[in-house]
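Please model the entire structure based on the sequences and the hints provided.
If you read the protein sequences in the order shown, they are chains A and B.
Using the numbering used here, count along the first sequence one by one with no gaps and you end on 1638.
Using the numbering used here, count along the second sequence one by one with no gaps and you end on 265.
Take these hints with a grain of salt, some might be off.
One side of the interface only, derived from the structure: several residues of chain A facing chain B at Cβ under 7 Å [unchecked claim]:
{"no.": "1", "residue": "1434"}
{"no.": "2", "residue": "1470"}
{"no.": "3", "residue": "1483"}
{"no.": "4", "residue": "1513"}
Below, simulated BS3-like cross-link-like pairs (lysine-lysine); rule was C-alpha separation at most 27 Å, straight line [as the list claims (entries may be wrong)]:
{"no.": "5", "chain 1": "B", "residue 1": "162", "chain 2": "A", "residue 2": "1453"}
{"no.": "6", "chain 1": "B", "residue 1": "70", "chain 2": "A", "residue 2": "1471"}
{"no.": "7", "chain 1": "A", "residue 1": "1449", "chain 2": "A", "residue 2": "1471"}
By construction, these hints were calculated from the structure, which means they are not laboratory data.
A quick note: this is a predicted structure, and the numbers were derived from the prediction, not measured.
In this text, a Cβ means the ideal position worked out from N, Cα and C, and glycines have one as well.
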Amino acid sequence: MTDRILEISGVAKSFPRRNQPEIVALRNIDIDIERGSFVSIVGASGSGKSTLLRIIDGLLAPDRGAVTVNGKVVTKPGPDRAVVFQNDSLLPWKTVIQNVAYGLTLAGVKWREAAKKAQYFIDLTGLTGFEEQYPHQLSGGMRQRVNVARGLAVDPDILLLDEPFAALDAQTREIMQTELLRIWMQSGKTILLITHQIDEAVFLSDEVIVFSARPGTVRERIAIPLARPRELDVKRTQDFVGLVDRIWKLIEDEVRASVRN
Amino acid sequence: MWRSFYDYLNQDSTGAGIARLVISTLFVLAVWQVLTMTIVQNRMLLVPPREVLQAFGREIGSGAMWKNAVATVMAVGTSFPVAVAIGVITGLILASNRVVSLMVGPLLSALNSVPIIALAPLFIAWLGLGLTSKFVLVLLVAVFPVIVTTEAGLRAADKNLIEAAKSFNATPLQVFATVTFPYALPFIVSGVRVAWARALVGIVVAEFFGSFAGFGFAVMAAGQTFDTATLLTYVIVLGAMGLVGSMIFQSLETRLAPWRNA
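Right, here's the structure in full:
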């Protein structure tokens, strides 16, 4: 018996353009995700990955189809989901602890309690000692830790990550990947990660969903049977390289096409 | 020695700021002194700094400085806060409603480009000599920069921050209170800073034409009696008012948006 936390059925989304044919971002998407799992969506740019994430969060409404979380149809953002965005979406005039507690204070949680919960996730994400710093005083990696902590602090059932490490340098990104795995293990949350980094998706996930572009559709779903807990050296194993290679071949043509455009 | 002094002046500390101000002031005074001793010896055109200082003492001693200060500060002190309040509220309305903004915007920029100062004689004819005409003139010149920067600041709010707030299910009021308005605040303060400089021009012109007291009146009166020392005294006082206001708003701006200077 599987426990599905997220079900996406028949979701489609188009964006009209003036004097031009509309952009079909997503066509007929069916995905289900098990509670507690780590799932990634990879695809070339323009494959509608971020659009899907916004639909799951309730920031965008699908043209057709529906998203259900915990059996309830999504119509707007709710406390069962939280997003970690790719860019700097921290409030620059708030300290680290105020930023982590932001979602809680919006939900009407009293400051003392919000700060207590925020402190827990500050410690979990390795931000201890930086509570009173402002985002501009932190490195990109530390800022994304704050972003992750802010998402976790509202205690969502599912955490949605939109290319969270895209702006980081390669070394920092690898560290953040292992950190994210640790946080996922400790928090027991379901995580859905959007990324264009295939090795990142394979390293972190139980399953990788490969999207094809224009219109965005599910190309293939690939289970990742690598043993857990995983350390960075798994990236040098034959199995790992084979999986990355297989996914790359699926999207290679589209990535080449998107580079030409 | 010179090297370390130069490095000291290059610092961002308060002490270094004061030192820089003292040095530049001394330089201006020195040039001024030399000018009065060499090129401009006609005392009706320019007097040396020492005589201005004496005039300053005279004005304070006779109570004239106090009387003029009360008149000017009363007028600016009442109308400037009102101008800021009206400016911010108008900016809020313009930023929240596109149709209103599109309709009123061109009108406002037309009004903004009219030199309202030129209407001073008209206002004085309508409203009489005294506080009312000063109040209205200062209000009109100071309100526009605040309107413009408030609207621009509110519209400039980072879309990513708004989306993040919405992803946490923020209500429109929460988005405004936690994202849009804090983002706009430093913009608004920079508008207030510009408005302050304009308000001082406004008050001086209003007092030129229509009052019996105030710094502008004193400048006018001194000019008509060729009392250059007293004239310069009041000009320097006005300059100091402008400088102090500008410095206060500048520091408020950096305090509200420390990340911009990072």
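Tested hints:
Interface hint status for residue 1434 of chain A: upheld, as the beta-carbon distance to the closest one in chain B is roughly 6 Å, under 7 Å. Because the closest C-beta pair between residue 1470 of chain A and chain B is about 5 Å apart, less than 7 Å, the hint holds. Checking residue 1483 of chain A against chain B: minimum C-beta separation of about 5 Å stays under 7 Å; hint holds. At its closest, the beta carbon of residue 1513 of chain A sits 4 Å from a beta carbon of chain B; the interface hint therefore holds under the 7 Å criterion.
In summary, the hint linking residue 162 of chain B to residue 1453 of chain A is supported, as the alpha carbons are separated by about 18 Å, within the 27 Å threshold. Between residue 70 of chain B and residue 1471 of chain A, the direct Cα distance comes to roughly 46 Å. Violation of the 27 Å bound is thereby established for this hinted pair. Between the alpha carbons of residue 1449 of chain A and residue 1471 of chain A the distance comes to roughly 34 Å, so the proposed pair goes past 27 Å and is violated.
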